[in-house]
Structures are given as C-alpha cells and as structure tokens.
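> Sequence:
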Amino acid sequence: MRYGIDIAPLGAFAEPSRIVRFAQAAEEAGWEALLLWDHLAFAWGVPAADPWIALAAAAQATSRIRLGTAVTPLARRRPAVVAAQVASQHRLSGGRAILGDGLGGVDAE
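With my numbering, the residue at position 60 of the sequence shown is 60, and numbering never jumps.
Derived from the structure by calculation, the hints contain no laboratory data. Be a bit skeptical, because a hint or two may be false.
Said to hold, decoys possible - Restraint ranges, calculated between C-beta atoms of paired labels, are given here: (1) E28 / P79: 17 to 25 Å; (2) Q24 / G45: 23 to 31 Å; (3) L103 / D50: 30 to 38 Å; (4) A80 / E28: 29 to 37 Å.
All C-beta atoms, glycine included, are put in the ideal place defined by N, C-alpha and C.
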C-alpha cells in the first residue's frame, strides 16, 4: 500500500513556497505522494493557489515524491488545457505527475 498527503492550496498554503517546503518535508519523511485540491473557484473566501503552478514549483525542489491533484473536475475544464498542464508537470517532475480526475467541486462553483 502507498500513502500520500492531500492538502488544500488555501490560506497559508496559497503561498507556493509553503507548498514547496511541505513537499520537501513530505519527501524526506518518506511519503509517496503530495496531492492538491483543484477547484475552479474556492468559495471559502480565502487566498488560493493554482494547484498546477504550485506543483510545478514543488517538482523543481523534489526528486522522488509523486505530485498531482486529488480530483481535477474534468467536466468543468477544457481538455486541451488539462492535457497540457499534466504533460508539463510530467516533464518537469521527471515522470512523477498524478492526475486525479472526477467531477469534484462544490455548488458555488
């Protein structure tokens, strides 16, 4: 069995440098993956980071931990954009990208 950590890129974790430090610590602690929430709009009224941008930063600062989204709402995204984001993450991370896909989301989105 493999274990990963799922975090919301909101509030304090809206700062990509914090996500990078968290990814480094998770990798050092032996976690298999770091997954970020992916929403079209965060309805909680706090700052939010784009997960793919934050994951790209984390990919450059780590070497083993797999990086991706917990659930990307594919029905609400343009397929070509998601494909480009995942392909870029795959290249930047040396093949460590994860795409969690599904409907996802909340009513406010």
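> If a hint holds in the structure, say so; if it doesn't, say that too.
Consistency of the hints with the structure:
1. E28 / P79: 17 to 25 Å: For P79 against E28, whose Cβ atoms are near 35 Å apart, the range 17 to 25 Å is violated.
2. Q24 / G45: 23 to 31 Å: Between Q24 and G45, where Cβ atoms are some 29 Å apart, the hint holds.
3. L103 / D50: 30 to 38 Å: violated (20 Å)
4. A80 / E28: 29 to 37 Å: This hint holds: roughly 36 Å between Cβ atoms.
In summary, the numbered hints that this structure violates are 1 and 3.
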